[in-house]
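Spelled out, the chains give:
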Amino acid sequence: MGTEAQAADIFKCPVCNGNVRIGPDDMVITCSYCGSTTTIEGKAIGDHLMEMAIGDRERTDGFRAYLGKHKGANKALVQGAQVVENNLIFVPVWTSKVKADSWYKGYKTVQVPVQRTRTVRDSQGHTRTETYTAYETGYVPVQSEIHSDTDEPLLARKGSRFYGLEDYLKAIDLKDTVRYDFEKIKDLKPTMLNAEIGADEYEKSASGQVADRHRAQAKSGLSELFDCRTTTAVRGTTYLQAPFALIRYKFGGGLFKCAMDGHTGRVLVGEIPITKGQRALWTLLAILGIIVAAVGGEFAYRGYITEPGSVMIAGIAATVVGIIMTVLGIRILMMPQREEKG
Amino acid sequence: MIAVTKCAFCGGDIKSNPDDLLLICPFCGTAQTVEGAKLKEHYMIRVHFDQNQSFTTLLDWVSKQLGVPGDLGSTAHLLKAEQIWYPFWVSRIDAQSSYKGLGRDATFSDEWPQYRGAYKRIDFFWKPESGEFSRNYEIKVPGVGAIDQDIKSMAIPTRAKEYFSHDHAEQYGGTLLHSQMSEDGAKAAAKQIALDRQTGLITQEISKIESRDDKVNIGETFLVHVPVWEIQYRYGNKSFKASVSASTGYVIESEYPRSAAFRAMGLGLGFVLLIIGAVLLAMGLGVLEIPFAPIQELVGAYVGGDLVAGGLLMAVALVFMYKGASRKQAKEKE
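These protein sequence lines map, in sequence, to chains E and B. Sequence positions in the first sequence follow this note's numbering and run 1 to 342. Sequence positions in the second sequence follow this note's numbering and run 1 to 334.
Possibly wrong hints are sitting among the right ones.
Unchecked claim - In silico DSS-like links for lysine-lysine, alpha-carbon gap of 25 Å or less:
(1) K152/B x K331/B
(2) K241/B x K64/B
(3) K105/E x K191/B
(4) K328/B x K152/B
(5) K40/B x K12/E
(6) K208/B x K170/E
(7) K75/E x K64/B
(8) K331/B x K341/E
(9) K341/E x K276/E
(10) K204/E x K241/B
(11) K40/B x K219/E
(12) K140/B x K40/B
(13) K250/E x K208/B
(14) K12/E x K219/E
(15) K140/B x K276/E
(16) K127/B x K105/E
(17) K99/E x K219/E
(18) K105/E x K250/E
(19) K204/E x K333/B
(20) K241/B x K105/E
(21) K219/E x K170/E
(22) K204/E x K80/B
(23) K328/B x K100/B
(24) K187/B x K208/B
(25) K75/E x K276/E
(26) K191/B x K204/E
(27) K187/B x K341/E
Claimed, not checked - Quick look at which bits of chain B chain E covers, simulated, 3 or more residues with Cβ under 8 Å:
(28) 60-69
(29) 98-105
(30) 113-126
(31) 131-138
(32) 152-158
(33) 294-308
(34) 315-323
Source of the hints: derived by calculation from the structure; they are not laboratory data. All C-beta atoms in this analysis are idealised placements derived from N, C-alpha and C, irrespective of residue type, glycine included.
With the sequences and hints as input, model every part of the structure.
Here is the structure:
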């Protein structure tokens, strides 16, 4: 796979004086000899943690377990999958607790039931009054608050992303971390990436992200959001090197991939092939769906022309279920693969 | 129109278009402005998949697409693989905007007696508001305009970046694209994108901006060249194009063949289903009577069922026919 990475630049470790190879944009450097971690200016960065990683073999086991869970009717999947790529990479992550408090104001609309009366003329020509329920719009002022205190891990690399990144960041738990110690992981021959984003920049990104999330949450239940004020406080910013593995495998001539948490060996999200047999089953479901929908439609129609009531409602329900079955069956029939969370 | 500029560092001839503002010397690889000033922040992502590995990966990946002939992997052959290095500018921007203006608010009156807290009347009014937004953005701007949308929006791989090495780019005979954007141009574009996003935030809070003050700090901006294999391959007597990331082996996009059997089945089955669906629908609506009594009695009796089944069958038929006839192109989700 090409040639090995050459030294882009050399950084002198302020602790052991070793020459560390670094990337051009690296902001936080971990010494490859002594493991001490400093900023590019040689300043301390505070807590530096890592998640332990598991070996090749255990990762493959975790991957097979994932396939086993999602194989469905495809019994050959676990044995037949051939792993073609399984590289461990330690990605740099900044994480901290972000406490955010928002106050917001807006309004929403509701339907207010109003009893009305009207005059009706029956078939004999007599008039009588009857009451009925109408719905009118009501405006409800809303003034509320949102408080949250959450871990906000972010990838400390500039301009880049990888398959399964969001799921991977969500799976990070500081409880699983240990103090960084390169000795403990070096036998796994991981690729180590340094951070390209410093702590200050990270903290701004994290607070902005939380504030935007609060605003979206406030807005979601309202017709209009008038004001939303958020204050954020970031604390306990920690630098974390976390193991990730991208596994690519071949099955039945096709190539598929999975994103794995290199700490637990759990697949976070991945692609699962769909075999011909499975496609046939989904087609069957679609056909069954058409039949269910047709029967439902018939009942709904008969219910409607005789007397609207429970028969009609049951018919409509069956029609909807049938349509959903058909859409699902045809959709999966047409997909090259399924995507499944671990 | 191709102009020739002398490289300010090795004296070699650099061919460029008038649009190109940041040139990469094809002999020594130095990134320089048209005037010959060197760009120091010039990085690259290394090639990890050579031509053959990329082609194998591509065929394996394409093989799982719908209706691809089973022998694609063994019979397709590579016509051409060209390595193109696409330039991207990446900036991080720190923006702090304070604003003043008018925001909407409302008073509520005439409460509904049967729904406490809900009012019959809402009267909007404008009120002066001010505030501040502080955000940090990461902005990627492609250095060339007239390229494929999927390449423009591809993610920069999370692999170690390094200083641009001309030897490495030359190893596979890669073509380096000049950037049509200068460093200043890239910074200005990134700044504008950041300001637009800030404006987006402000207009969520107030409707009329009366004054604003933006402090935009453009952090380090770098140019990164990302290698992509532009592949052309032949299957049967047609050729197909694909773009594969040379550093990750991801299929950015690919055309692929569909087997004749698949097309015939899609179109044929679709057509049959369409006819059946249309007949059912017409009978359900009462506009069609089949002159063959047993069928007319059997099917004509179920108006509701006919309508639903006919509609669904026609929808399914259209999907089948579309799949049978459609252009075949796929992208790998990142």
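TODO: Mind listing which of the numbered hints don't hold for this structure, in increasing order?
DONE: Of the numbered hints given earlier, those the structure breaks are 3, 6, 10, 11, 13, 14, 15, 18, 19, 20, 22, 23, 24 and 27, listed in rising order.
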